[in-house]
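**Q** Listed here are the chains, written in short residue letters.
Number of protein chains: 2
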Amino acid sequence: MGEQHDGLSGVHVVCSSNGEIQLLMDLLDDTGIELESSCAGNGTCGKCRVLIISGECLPPGTAEMELLSPKDFKRGIRLACHCLVRGEVELSVENAAQDLRVLEKGMLTDFKIEAEISKYQLISTGNEQELSLIEQILQQLNIEQSVPDSLDILRLIAQFKPDDTTAIVVGNKLIGLEHGDTTAHCYGVAVDIGTTTVVASLHKLDDGSELAVASALNPQTQYGLDVLGRIQYAGKGSNNLDKLNGLIINCLNGLISELCRRSGIDSQYIYKITVAANTVMLHLLLGVSPVSIGRAPYHPVFRQGQVLAADNLSLMASPFASLYCLPSVSGFVGADIVAGIIASDLDGAEEIVLFLDLGTNGEIVLSRDGKLIACSTAAGPALEGMNIACGMRAARGAVEEVWIEDKSVLWRTIDNAPPLGLCGSGLIDLVAVMLECGLLNSSGRITARNKFAGVYPHNPLAGQIDDIAGKRRFWLIPSLDNCPNGIFVSQADIRQVQLAKSAIVTGIKTMMTENGLDEIHVNKVYVAGAFGTYLKPSSLIRLGFFPESWHDRITFVGNTSKAGAVMALLSSSTRCRMEETAQKVNYVELESCPGFEKMFVENMRFPGKE
Amino acid sequence: MGEQHDGLSGVHVVCSSNGEIQLLMDLLDDTGIELESSCAGNGTCGKCRVLIISGECLPPGTAEMELLSPKDFKRGIRLACHCLVRGEVELSVENAAQDLRVLEKGMLTDFKIEAEISKYQLISTGNEQELSLIEQILQQLNIEQSVPDSLDILRLIAQFKPDDTTAIVVGNKLIGLEHGDTTAHCYGVAVDIGTTTVVASLHKLDDGSELAVASALNPQTQYGLDVLGRIQYAGKGSNNLDKLNGLIINCLNGLISELCRRSGIDSQYIYKITVAANTVMLHLLLGVSPVSIGRAPYHPVFRQGQVLAADNLSLMASPFASLYCLPSVSGFVGADIVAGIIASDLDGAEEIVLFLDLGTNGEIVLSRDGKLIACSTAAGPALEGMNIACGMRAARGAVEEVWIEDKSVLWRTIDNAPPLGLCGSGLIDLVAVMLECGLLNSSGRITARNKFAGVYPHNPLAGQIDDIAGKRRFWLIPSLDNCPNGIFVSQADIRQVQLAKSAIVTGIKTMMTENGLDEIHVNKVYVAGAFGTYLKPSSLIRLGFFPESWHDRITFVGNTSKAGAVMALLSSSTRCRMEETAQKVNYVELESCPGFEKMFVENMRFPGKE
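First to last, the sequence lines map onto chains Z and E.
Residue numbers for the first sequence follow the UniProt record's numbering, beginning at 1 and rising by one.
Residue numbers for the second sequence follow the UniProt record's numbering, beginning at 1 and rising by one.
If you're looking for bench data, these hints aren't it; they were derived computationally from the structure.
Just so we're clear, the structure is a prediction, and the values are computed from it rather than from any experiment.
Don't take each hint at face value.
What the hints assert, rightly or not - With the Cβ distance kept under 7 Å, some of the chain E side facing chain Z (calculated, not the full set):
#, residue
1, Glu-130
2, Ser-132
3, Leu-133
4, Leu-154
5, Ile-157
6, Ala-158
7, Ser-289
8, Phe-302
9, Arg-303
10, Tyr-587
For each residue, glycine too, the CB sits at the ideal point set by N, CA and C.
Produce the entire structure from the sequences given, and follow the hints as far as they go.
**A** Now the structure itself:
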């Protein structure tokens, strides 16, 4: 049994290099196959395993030799990012993008819906004054503003009959004209682009009502699981930035078309799209290179909110639609966090509130009577089930909950499907259970089978520990009919969890120390993001993410990035508030705080057993 | 000898209909041949004569039968606008666009040059603050304005190194970035688009100095000589508007490329283009249908000045360049007249000044202590040498001056080239001479040969009059070796001149009457436009365009449309003044003034012989 799933249940593909020697990953790219890769093709993550069925592959290099076992090679397993092929190759690729569970809702503070976009049917006036056609329309709409400098509008006016035309007005500006009476159709789309998932919702702009929600895996994940992987990929070749940009635009258009299909509306009546996302995702959405975010001094190209013509990015919407990207604080505290601050009313809080968005990057915001301090901490992809031997995203078949009952470790998968792997919440639960049972000590070391059996002589869990070539593992599920490879957690996996935990805890503690606060001062803890929502607070506390005293102060606020995008869609005053707030947030660079490294090492430890 | 030049000295063309029956004009269109046509293909002007050398032509219809003689048909002459052909056809087309004389200069009142566009080389700052790259640039440029919503700029910032980048700033706005130090290169182009000719000049934007001037025939002339012909053509087929738009854009790009070549600059350093033109030409430039100008109540689509990205119209310039179209007063009093008002300081006049732009459309502006009243009058193309049997534009070989000496009528051509036809000034001079010699009476009738010989028995001019099929002609030049067809003026030509004269005189008189003014009150008369510049005031007065008393009050102010475009290019405060002035001008519709028709008939008469 290999240390990874073999992808035998994957997608069958035939591709051809036309006689030349080519990298398998490049060939698969051309076929449009989404291949998982968390290291951007560096040959370090081992996620892009494929099973070669037939065809000529060149002998493996050192990267493949290190990550694959002789047994793997014997079976035909190769890494697509390093395997060179010639001619036609037939293979099987694991499809990780199936049935992904995406968090679509988030806490949303009260706000007033302002119907900024209005539509009016024009009437014939028989005007005899010396006014141009556009002046007559502006007069009828009671808009004083002079002609907007838009060729499109001028060209349309010449074509349209006034008594069969609808004018689209934003504020004091005529933005477009449509044939016929289309006043009943006026929609907008709010989008959250996560590093891993993308969520979009369709709204009526007059009353804000939600008509449909849709979500998808961010197709850029194949070029790196985290923002650093994406930056690295974007900076590598001249076409890579365009490729990442094209992928997310296609993804958004796919979601928009699904939203429209489900609610029976035409995308040409979408006039506004708002997007919340982290800074790197926003750069990629606009086709702006994020490379400067990836190297000191880590400056993004832009931070302020951007208003652009949706048409410029080929987004599926009215030709008059605008795209609004929410403002960011810095390269690593993005518009998703600004959205979260506003959606959870953090800037209006009159107490001490801690806001955490837990994901591959953990962002932490401390609100002290409305004054905001933020930091970002690289938790790594472990909390999303990635870079973990049997890890997987929170999709159907992922073990999402683990608990102990009568000395047995029990588990449950998403949709109660046959188990495929461990997602973040399952992993955290499992580590908590292991700590509780003595399978793991507070330094994070898995107890050896003999030692465990010595301390707990009658505990059958001892049989679930093994050691192979010095690598210790705890088997949650043995190899069974419905789980041919079994599911285990390795010592290396535990280290990943410890790193993630320490990153977050060190972030929280540094922020509090820097502001002279102690755990007792924190009145509320908001945990945002998909990962948090499916977690048990008790497990988080058992691992030491939070002190015991916060147990009743934790609120899971869901996808506040998406909630903020909705607010920006429906309220211009909220958009102004976002711009102001983004400027006000004080960004703290954790690495430069005194004692950071020492604290980071200390926080690797789990709390001792009670 | 035919009534038209035969085009034997023309361009040789082979075109093919691929076996189908097609209109010859459409085939020629596809080859890019500029064919002259003043009736927009209606088959009434007879200008699109071609000489068929070989190939299959279908028999002529009634339009061709009326406009061509049996001799024409025998020689192979056909009208391209009505001649149907099949298969490959070889023919010869007259090239009217050669050696056109274009008026490039105009009166230009004093104004202050404001260097609105500035360029700065950026320097590396090693900024450690939490600013985005764009904020750092704005800070360095001392621009407080927030991020311009331009994808281009964001994308460029990510690519450029600060110490090798030049920023382009307009007012308080960053409009673009360029590689390297390009601060020395900053240019603009001012354009006058006339119905017949297009003139453009290239300027340094810092000191306003003119680097080059170039001009061309407006290539749209093949689809109608006057604005009504163009409107009609644009309204006919769905592609016609695009075709007219494409022709003028190509023409401007041709001129820009010539300007750049002559002055050795790169068009990518052109940041501003300003255009003065009549309202229809502006609509066609922007690809906006002018059809509403051509039918009651004659409203244009737009009147205000338009600021657009030059890139949107594919104009050859910096990708950051703007296009400014000057404001118009109405459908028939365009931005060319607003330019003229400002260039000749009419709005600042402290007396009574009459401004006339004489061309196919005659526009008249009356300034009474700076209050402005304007009207437009359809003079027809006669004054530009069009719709005249032996008429031609003011090009090499055109008879431009005619005078009498010792009972002989003498003449001079442009460049003293062999005579090819009569241009507007030559025609006016000839009519004045004919009136003076008794060849023409004040009702506009050419004296019969016998009658003339009876009154002036020894005057050899009698021999230059003939009558063929009831059509009376006066031959200025007989058929000679260097002028194989000879040059004459027909009774119908005289009627065209009378109509043009009456249109203008009626316009002037109506404006004066409506304002309680008499000829004696007018302090100055400015005559703008190419036609006016080459005219003798004495001839204009002899024909009755102006009263005798204005002889010393007339100033030919040249191409004030172009002069105004230059002012708009170099001074933003002048642009504001233009916008305000265009709003202030009071437009008078001549046809609705009492007694207009009666006055029009009366003004057909020429003043009697002294």
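**Q** Checking against the hints above, which ones are violated?
**A** Checked against the structure, no hint fails, so every one of them is satisfied.
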